[in-house]
Structures are given as C-alpha cells and as structure tokens.
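S.K.: Residue numbering for the sequence shown is 407 to 522, as defined by our numbering.
Each hint should be verified, as a subset may be incorrect.
[Claimed, not checked] DSBU-like mimics (lysine-lysine), calculated; alpha carbons at most 30 Å apart, straight line:
{"id": "1", "residue 1": "K432", "residue 2": "K500"}
{"id": "2", "residue 1": "K509", "residue 2": "K420"}
{"id": "3", "residue 1": "K509", "residue 2": "K489"}
{"id": "4", "residue 1": "K489", "residue 2": "K478"}
{"id": "5", "residue 1": "K509", "residue 2": "K488"}
{"id": "6", "residue 1": "K489", "residue 2": "K420"}
{"id": "7", "residue 1": "K500", "residue 2": "K420"}
{"id": "8", "residue 1": "K509", "residue 2": "K478"}
{"id": "9", "residue 1": "K480", "residue 2": "K509"}
{"id": "10", "residue 1": "K488", "residue 2": "K420"}
{"id": "11", "residue 1": "K420", "residue 2": "K480"}
{"id": "12", "residue 1": "K509", "residue 2": "K432"}
{"id": "13", "residue 1": "K420", "residue 2": "K478"}
{"id": "14", "residue 1": "K420", "residue 2": "K432"}
{"id": "15", "residue 1": "K478", "residue 2": "K500"}
{"id": "16", "residue 1": "K414", "residue 2": "K500"}
{"id": "17", "residue 1": "K414", "residue 2": "K509"}
{"id": "18", "residue 1": "K432", "residue 2": "K488"}
{"id": "19", "residue 1": "K488", "residue 2": "K478"}
{"id": "20", "residue 1": "K500", "residue 2": "K489"}
{"id": "21", "residue 1": "K480", "residue 2": "K500"}
{"id": "22", "residue 1": "K478", "residue 2": "K432"}
{"id": "23", "residue 1": "K488", "residue 2": "K500"}
[Said to hold, decoys possible] Simulated restraints, written as ranges between beta carbons of each label pair:
{"id": "24", "residue 1": "D436", "residue 2": "E459", "range": "30 to 36 Å"}
{"id": "25", "residue 1": "R421", "residue 2": "Q472", "range": "20 to 26 Å"}
{"id": "26", "residue 1": "M473", "residue 2": "E497", "range": "27 to 33 Å"}
{"id": "27", "residue 1": "N461", "residue 2": "E490", "range": "42 to 48 Å"}
If you're looking for bench data, these hints aren't it; they were derived computationally from the structure.
We put the beta carbon where it would ideally sit given N, CA and C, even for glycine.
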Amino acid sequence: MAGENYHKVLLQYKREINNFVPSTPKTYRDAIRDDAMLIISQFQPNIDNWISELNSRNLSCYEIIQMLEASKDKIRLNNLEKKELSQDLLEAYKNNILRIMAKSVLDCYLSSVFNS
Numbered sequence: 407m408a409g410e411n412y413h414k415v416l417l418q419y420k421r422e423i424n425n426f427v428p429s430t431p432k433t434y435r436d437a438i439r440d441d442a443m444l445i446i447s448q449f450q451p452n453i454d455n456w457i458s459e460l461n462s463r464n465l466s467c468y469e470i471i472q473m474l475e476a477s478k479d480k481i482r483l484n485n486l487e488k489k490e491l492s493q494d495l496l497e498a499y500k501n502n503i504l505r506i507m508a509k510s511v512l513d514c515y516l517s518s519v520f521n522s
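Let's have the full structure, built from the sequences with the hints guiding it.
M.R.: Right under this line is the structure:
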C-alpha cells in the first residue's frame, strides 16, 4: 500500500490546484502549477506516513497543519520568484499552496475513514 495514499492525495491536490489557478493572473498560472508540484514532491515521503498515522490515531489533523506551517520557511517558489512578485504576494501564494496540500491530505484521510 506504500505510495497509494500519496497518489490519492496527489490527485486531489492537482484538482485543487487546478481549481485555484484560474483565480490568479494569467501570467502566474504555469508558475504556480509548477511550484505546487515541486512542493508536493518535497513532501512525498511524509504523506503516506501522515495518512497511516492519522488512521492509527497517532497524529491529528491539527498536527499536520502545524508541520506544514513549520516548514513554510523552507519552501521556495522558484518559478514565481522569477516573476519578481512582492514578498507579500509570494507569501500569500505559498500559504494557499500549503492550505491546498493540507486540505488534500485531510480530505483523503476523511474519505478513507468513511469508506471503510
């Protein structure tokens, strides 16, 4: 089952990113998609573990959000940074991408709870 949870989260994440992107200026859309995919790939080793820990009740949804929040400073939006956006706008996009990641993880976890 290794990797299965990650792929479920990845599909949900891609849908959420694609829903978010149209609300952004057209010149940033590809950069946001590319950065979002790079960010989730950085968390790939953690995502399966998070879902397993959530299922075994060793981890809470709040703790996942806290872990994502703690790693925010380590995350780079290289493609968006090339667009020379203000630091505030970069932070807003980073927060949105992390919010979408948290939502995707938690949606997949909750789906698995109610489907079993």
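S.K.: Which of the listed hints are broken here?
M.R.: 26
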